[in-house]
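Asker: Sequence:
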Amino acid sequence: MTSPFRLVRSPLAQPDPPVLDDFQLAVVEHASGPLLVLAGPGTGKTTTLVEAVARRIADGTAPERVLVLTFSRKAAMELRDRMTARIGATAPQATTFHSFCYALLRAHQPPEEYAEPLRLLSGPEQDVMVRELLAGGAEDAKAGTATIRWPLDLRACLTTRGFADEVRAVLARSRELGLGEEELLRFAEGVRRPDWAAAAHFLAEYLDVLDLRGVLDYAELVHRAVLLAEREEVAAELRGRYDVVFVDEYQDTDPAQVRLLQRLAGGGRDLVAVGDPDQSIYAFRGADVNGILEFPDAFRQADGRPAEVKVLRVSRRSGAVLLAASRELARRMPMGRLPADKLAAHRALLPSREGGAVEVYTYPTPGAELDSIADLLRRAHLEDGVPWGQMAVLVRAGSRSIPGVRRALAAAGVPLEIDGDDLPLREETAVAPLLLALRVCAEGEGALTADLAHTLLTGPLAALDGSDLRRLGRTLREEERRALAEDGVAGAVRPAEELVREALEHPELLALLDAPYARRAYELGVLLRKVRELLAGGGSGEDGLWELWDGSRRWRERLERAALRGGAAARNADRDLDALCALFETAARAEERVSGHRGALDLLAEVEAQDIAADTLHVRAVRPDAVRLMTAHRSKGLEWRLVVVAGVQEGLWPDLRRRGSLLEADRIGRDGLAEPLSAAALLAEERRLFYVAATRAKERLVVTAVKAPAEDGDEPSRFLRELYRETVDPRTGRVLERVPQVKVADVTSRPRRPLAVPALVAELRAVTVDPARSPELRRAAAERLATLAAALDEEGRPLVPAAHPDQWWGLVDATAAPQPLREDGLPVRLSGSGLEQLESCALQWFLEKDVKAGRTASAAQGFGNVVHALADEVGSGRTPADLAVLMERLDTVWDALAFDAPWKSQQEKTEARAALERFLRWHVLERDRTTVATEHGFDLILDVGGVAVRIRGSMDRVETDEVGRAYVVDFKTGKQIPTDKSLPDHRQLAVYQLAVRGGALDGLPGFEDGATPGGAELVHLREPAKGDPEAPKVQQQLPPDGDPWIENLLADTAGRVLAERFTPTAGERCGRCAFRSSCSAQRDGRHVVD
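FYI, the numbering for the sequence shown is 154 to 1243, going by this note's numbering.
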């Protein structure tokens, strides 16, 4: 049956031709021959290019005989779209140089090879390949089988990332200049550079590997296309195919691309090149500004005259003030080899409108700078109505600056959009948990540590928060305590971290727990076990990643809901999904690139070795309404209403360090040894980069830097002063005039309150509960809080939950445990050191000693344990009192101690040697006492004030004096030394002497019938004695006499423990406390109860 309806395609609406100025018309009306168009920022070069193409087609040139070349996928897409809108479906071809080269190679590929398409290496893949080859060469050199003879002074750095970058630069430079391995070798021998000779052999090996794997890098792609185009029959075919060639962004060409254009459109043919020498900023990618400067001579007209040069002079982007500031920068650019009148006209652009603002701010610290930038962006959006998508923050160095700026702006509530290729893949938020889980599974049993378990459980795979993890730890401790009691086994319950780690590795331990947090941990444990078994059975890294993703249902659903919700959550979800797609694509490409099995550890090594950002494989057509954060290099060709150029510091911008200073790739010239880039040339390129960043703004440009108060602190870049000229009163130093009118200010304080909802809620809450404020003001603040608390999103969830008093923890009454922490009738457990800790901070004692939630042993504790163990061996006679013997014993265990840095380990080892020397000095001194025992442990139950107290501990050394009294020695290896005045009240020594009276030494030789205390002393092994620097400082406590103060203190402390009064007390220990961030006595942790 025939339908009565039929689809009718609506005709494509043709836009009206744009209104062109005289300078643009001159370019559009250019009839034939080579033409260079100098187009400054915002002068409408793309519009001019499209209109020039449209004019050629209107004049009778077939669209397929017009070729438009540019340098980025984004630019090619924009040109195609605009030409299609202007001309229609018959618009000519617009492509990148690399796409054109790829198509050229494919068109001339032998038929037997055509079935397998050429694959291009991404930048990170090439980086990894070069490093793998260099590492293999280093191994061969060690074995004496190396085929590439690197100079001896370079062999130590073959495996470094910096050297791999240098080698990549040499490879790229060679191919850009058309040098093969043989030409490079002859060149190296001619200039007596053995490092370049080795690089030539490496190039040959590298090319063999490329051919073996069926891949090409970008430099090799262009090089082979040039070789192909230099064949006469191919060049004739290309010239017969195209009547006119347009090239956009010509200043970004490298020598190889210029050679390609010579074959394509040289000899006076129609070639229109559009560019700006002042925006040549890609020298690190091989771009050569000399290409555009030499264009008139390199592409002469048919009659031999230099190519014509035209200038676009009207800037449509920036207002007059902004344009004047950028002209101040442009006038400092060096003169080139272009006609002087044309270059002068190019740098003297004419404004199309008035207005614009330029502001230069300096701050005392980087934190103040970032806070102010966040405040500035929010005020521009909320007060001035600038859309988020019309603002950008530009930085000089992406890997150094973007993560910090990203954290600060995101924390202030500024929505951000960061292109995926501004950060290495492994640093993406969504990628890191999958890589970590894959590594734990790939390394097998024993790879999962307590820290890794914590990271996995609190990540998106299980999504437990801190309270969930604590509840899980408490539950597992209760289970273990119950199991020990049922089995009648005596022993301490293990720390929660160890139990959680064990449960994640053996999820069957969680199978019977019904709490939601336990179920999520169980599911993650089962997933990890499944992936571990998959990899052990021969599964690839890609298989493991897919299994992890498929098994993370909650995470997938969470990302899907967030992506569909809109707003900041959707932006974050989109970025996470983009990063995950890039990860799976990287894994798939890694599998395709090799034959045979590729294990998960190989994939992990490749991804984690990628130090440069991944290539962008597609251009995002629709961008969210968010502030763009990117490098100045990536901002080229873009524009926003408000642009912030951040972190413009001297030493960073300009960065005058010479690139590739080891292998000196920039000195490889086509006609001989080239001169290295001078400081002036480096400065000129850095100035061009700053010029590009400053010319992205349409309405407002803000440049920021840190100006530290200290003389040797951070200094603003010289470029800040190049945005304007000042007239200064010579008598007072006051600025009389600034041209153009740039606002310059030294900002010494942070914003009073960020324009963000959390800051608003905090201020309203503070006013509401402040009795010093007027009742009217408190009521007004409460009403606004009520309005915020009542706001709901489309799913009925509160938009600002913190505005509701139910979320104000400080208003909640303190909780009390329904059951006492200790069973009735059991003695209170105390120790000498614990008694001191209880006195200084009861909460810290409770959390560390009772709950056992403290940190694992630190390096300082390890230092003390080692010295105490050696002192025990000497005192007991098991080891001779010989320093050489003790140091030999020390060497066997020292490397097991965890220090922050090698220099710290060496420093502490020197301290340990000095401590042992002092100990030996003390040990051999005559003290009229005899050693009875070392490291003597005791466990007593005493009745003090009617309370049963159990005191436990260990005495480092027990000695007896001439009259048979017991003397206790306590060795100290810490840096805190009590005052001599406090020794009579030293709690730990007093507890030791009380233990002696209570029978702690019963049964030791000489004390069979009990012992009488004769005193105690502290021996500080880190601190030398005043009169004898080779001996340790000794502090003595006399035997007890009179008031039983220690018994009274024990009774009082036991009462506090039984009453469960564990209140925090600020003091010296706070700096080393593991609970500082959650302690209500500290500013850092006051949020827990406030």
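Derived by calculation from the structure, the hints in this document are not laboratory data. Heads up, the beta-carbon is just placed ideally off N, CA and C, and yes, glycines get one too. Take the hints with a grain of salt, since some may be wrong.
Unchecked claim - Dumping the calculated DSS-like pairs for lysine-lysine here, alpha-carbon to alpha-carbon at most 25 Å: (1) 1186 - 1062; (2) 1128 - 1002; (3) 295 - 227; (4) 1005 - 1057; (5) 1002 - 1062; (6) 1179 - 1062; (7) 1062 - 1134.
To be verified - Estimated spans, in silico, between C-beta atoms of each pair: (8) 1032 - 307: 45 to 53 Å; (9) 910 - 540: 49 to 57 Å; (10) 1219 - 951: 30 to 38 Å; (11) 540 - 946: 18 to 26 Å; (12) 884 - 512: 42 to 50 Å.
Asker: If a hint holds in the structure, say so; if it doesn't, say that too.
Answerer: Verification of the supplied hints:
1. 1186 - 1062: It holds: about 20 Å lies between the C-alpha atoms, which stays within 25 Å.
2. 1128 - 1002: holds (22 Å)
3. 295 - 227: violated (47 Å)
4. 1005 - 1057: violated (28 Å)
5. 1002 - 1062: violated (29 Å)
6. 1179 - 1062: holds (23 Å)
7. 1062 - 1134: violated (32 Å)
8. 1032 - 307: 45 to 53 Å: This hint holds: roughly 48 Å between Cβ atoms.
9. 910 - 540: 49 to 57 Å: Violated, since residue 910 and residue 540 (Cβ atoms, about 19 Å apart) do not stay within the stated range.
10. 1219 - 951: 30 to 38 Å: holds (36 Å)
11. 540 - 946: 18 to 26 Å: Distance hint for residue 540, residue 946 holds at roughly 21 Å.
12. 884 - 512: 42 to 50 Å: violated (28 Å)
Of the numbered hints given earlier, the model fails hints 3, 4, 5, 7, 9 and 12; all others are met.
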